[in-house]
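Undergrad: Take a look at the letters that make up each chain.
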Amino acid sequence: MTLDFRTEALLQKHLADARINVELETEGMILNIGPQHPATHGTLRVVVKLDGERVVSADPVIGYMHRGYEKLTEFRTYPQITTLINRIDWLSSFANEVPFIHGAEQLMGIEAPPRAEYIRTILTELSRIATFVLFLGEMALQVGAITPAFYGFRDREHVLNLIEAATGGRFHPNFNRIGGVKVDLPSGWIDECRRVMKKMFDSVDQFEDLVVGNEIFEVRTRGIGVIPPGVGAAYGVSGSNLRASGVDWDLRRDGPDYLVYNDLDWRVWTHPDGDSFSRYWVRMQETRESARMVVQMLDKLPSGPVMAKVPRIIKVPPGEVWVNTENPLGEMGYYLISKGATGPFRTKIRSASFSNVSILPWLLKGVYVPDIITILASLYFILGDIDR
Amino acid sequence: MTAVSLLLPVLPVAVDLPWGLIVAIKTGIVLAIIPAGALILGYVFLLKMMSHMQSRLGPMDPGGFHGWFQLIGDGIKFIQKEDIIPAQADRRVFAAAPVVVLISTFLLYIVVPAGPRLVVADLDAGVFYALAVSSLSVIGILMAGWASANKYALLGALRAAAQLIAYELPLVLAVVGVIIQAGTMSLQGIVHFQQDASIFGWGGLGFPLILTQFLGFLIFLIAAQAELTQTPFDMPVAESELVAGYMVEYTGFRFLFFFMGEFGTAFAFAGIAATLFLGGWSVPWVHGTLADVLGPIVLFTKIMLVSFLIFWVRFTYPRFREDQLQAIAWKYLIPLSLVNILATGVFKVVF
Amino acid sequence: MAKQKPKLPGLISGLGVTFRTMMKPAVTVQYPHEREDPPARARGVIALKEENCTVCMLCARQCPDWCIYIEGHKEKRPPRRAGGKERTVSVLDRFDIDYALCMYCGICVEVCPFDALFWSPEYEYSEPRIGELLHDKDKLGEWMQTVSPPEPLEVGAEVKGKK
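Chains D, V and W, in that order, are what the protein sequence lines are. Counting along the first sequence from 1, when you hit position 178 you're at 361 in this note's numbering, and nothing is skipped either side. Counting along the second sequence from 1, when you hit position 146 you're at 159 in this note's numbering, and nothing is skipped either side. Counting along the third sequence from 1, when you hit position 66 you're at 1073 in this note's numbering, and nothing is skipped either side.
For the record, the hints were derived by calculation from the structure and aren't laboratory data. Quick caveat: nothing in here was measured; it's all calculated off a predicted structure. Treat the hints with care, since some could be wrong.
As the list claims (entries may be wrong) - BS3-like, lysine-lysine: derived pairs with alpha carbons at most 30 Å apart:
1. D:232 - V:61
2. W:1146 - D:365
3. D:382 - W:1146
4. D:254 - D:498
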């Protein structure tokens, strides 16, 4: 339909105005944190949309470190897989082997002798101490203090030397076998372990003086990144992150029996606020608790063999089993499907950090830009654990 | 500096050096002190003290003895690097920005006295001049951020400028108490006051103003920490974690200028703090020519002490967020320094 | 566990921590001038005792990375007693381990039924080129000298009786 020139002009003017409004519409600035970035532990990419200083939306992009673990396990035998899965969460590598071996042992109906279970628990708790001590140092680094990071690495060395003396490898022990552990501890290890635990207590006290009591640290972390317990549980957040929101849930005590936690006298630490400070505090207390547990276990260590009777060629009978444990990062589980071969048919790895990171889009809304770093550091994920 | 001071007793007082030569000598001395001071501070505190606080050794190999050559080697490395200027950058402003920052450092050294006769220019309004000139570096930082043609550099520069301007006020106000007590704004005059004044009638021992101006000293140190963008106030520089600081596009010797400016300014601020609060070059019972010889050494020791405090705090504390930083300056430091001035004024009149 | 004595403000005690650490000696081990010895069980490099090897290929089959390359041939040897049958013996021609692929898991050392492979804590064998990390049986035999002797086990370990 043709309009007369006045209406036409008015229409064109309105259209022009509308176009300018669309062009001038200021979108938020899109900031790409990572994948190569000192603040994320590894190759995590968070695409953040900013409005001035505040975050409007955040999107974690994972997969830069995907190594295809679940596919790898389809073509390997059980001892070979034990070697590989050390590398999923590389800071506390012993704790990754334990649920897998437990699953295979359950399918075979074998129970490891008590000395082996004690040694496994001691090494799991040592891995927990090693990774948490590093966390205590390196979250302080993300918040700005450079010295605690060095203390974290320095104190972790003692535990790594212990693990190396027992298993031969500092980071990748590869010590579990179906039916027990590979070989017994070397002589003098128990006394050395006691000495190292004393050093760990001193080290955590040092972190408490240097970081936790520091008013600047408190001002940077209190009230930042609060995870309400219901939301956390809904997103699958687990481990110390959930315990820092007040949820009293620890798979070592509440899950099905595994290792020797029932024989020990220990407590679960929770904190009512759900902010970054409480996550730091809970992990600090858990480090102390792990050291106490190790000392108890050293006193109670039974004597005896470390390997049950297993056939020379291990073929796991057909079946399916789900084993979940308390990895230092959270809840880690393996779903093993075996069809009677020397290797599993399918392994599904439920890793803790994958679910911990899924809360990031919800959590990062409306925070300031420096607080993104604090929150990422306090959630404590490892990229190998997210991407497998 | 000690070499010159050793010469002065030898030179007969009647010799009238041509004015141009005197200016050239003084300029040369100050130009030499900036990298020397930066090197000494950088090596002792940044490399060695930080390393020992972190349970490690720091550089040990360069130069053989505990790695003293490390920073000089770093300087040489920076100088021989390619000079890269972003294509869309404003070339002249980009090149001028580090020079502006260095100039403000250079101008600061002019008023710091190292002995009764060893001062480049003893201005009557020395303190006023020093504090005014130290804020020139803000212009340099803004120029650097703008000329980099980088959105993130500009944001970092704006944040740095906001922080530096906010902390100018506590810096100035903290010093007013010293001026009230000493009665003069000339730095040489303040040192003489600290040497000659008496505490409760005990003459001769000197009266470092830190004894009554402790609050002022604290506020001055905190404000100086922020002026130097050191942790816990280094959000503009640690932005390079997240975005990029204002120095992101600078490489090679231009970056070296910024680095020298930072440590040179630290040396100068420590010098001003030592002069205003700790007594500068003055040693009890030492006057005249001996003070000319000992003065630089004593001042150097006091500068090391103050720098130790600055760097100790830098390596221990985490950093503040930008809004918390501003809140501290405006809501806590400024009222405190005003209270300090009030109290000093009252006590000066009453006693 | 509340401290009984009054606590210093956190800022001051933090400064105390760094000051005290500065006063203590540093923990750095200045490699290569000083060296720390790894424990006896450390998985540094794999050494081969050639006379024990019977070319059974178990290690090459079990290796997760397939980094062991074995070639051998059968030879006839004179019988032990006069009038007996001739013996066939497997002779090892080539036993290469590619340390660029090896992940130091130790499965080969464990599965060898004839105790021909050993762990050695030797770790200083880096090469400038990655192709040179393929070590042959002579080099592996040299490393036998660095293998640590079997060490005593901890109190409470099962003592296996000699058969």
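Undergrad: Check whether the Cα positions of residue 232 (chain D) and residue 61 (chain V) lie no farther apart than 30 Å.
TA: violated, 41 Å
Undergrad: Residue 1146 (chain W) and residue 365 (chain D) were given as a pair; does the straight-line alpha-carbon distance stay at or below 30 Å?
TA: Distance of about 27 Å is within 30 Å: holds.
Undergrad: Given the hinted pair residue 382 (chain D) and residue 1146 (chain W), is their alpha-carbon gap at most 30 Å?
TA: Since the Cα atoms of residue 382 (chain D) and residue 1146 (chain W) sit roughly 41 Å apart, the hinted pair is violated (cutoff 30 Å).
Undergrad: Sort out whether residue 498 (chain D) lies within 30 Å of residue 254 (chain D), counting only the CA atoms.
TA: holds, 19 Å
Consistency note: the structure conflicts with the earlier hints numbered 1, 3.
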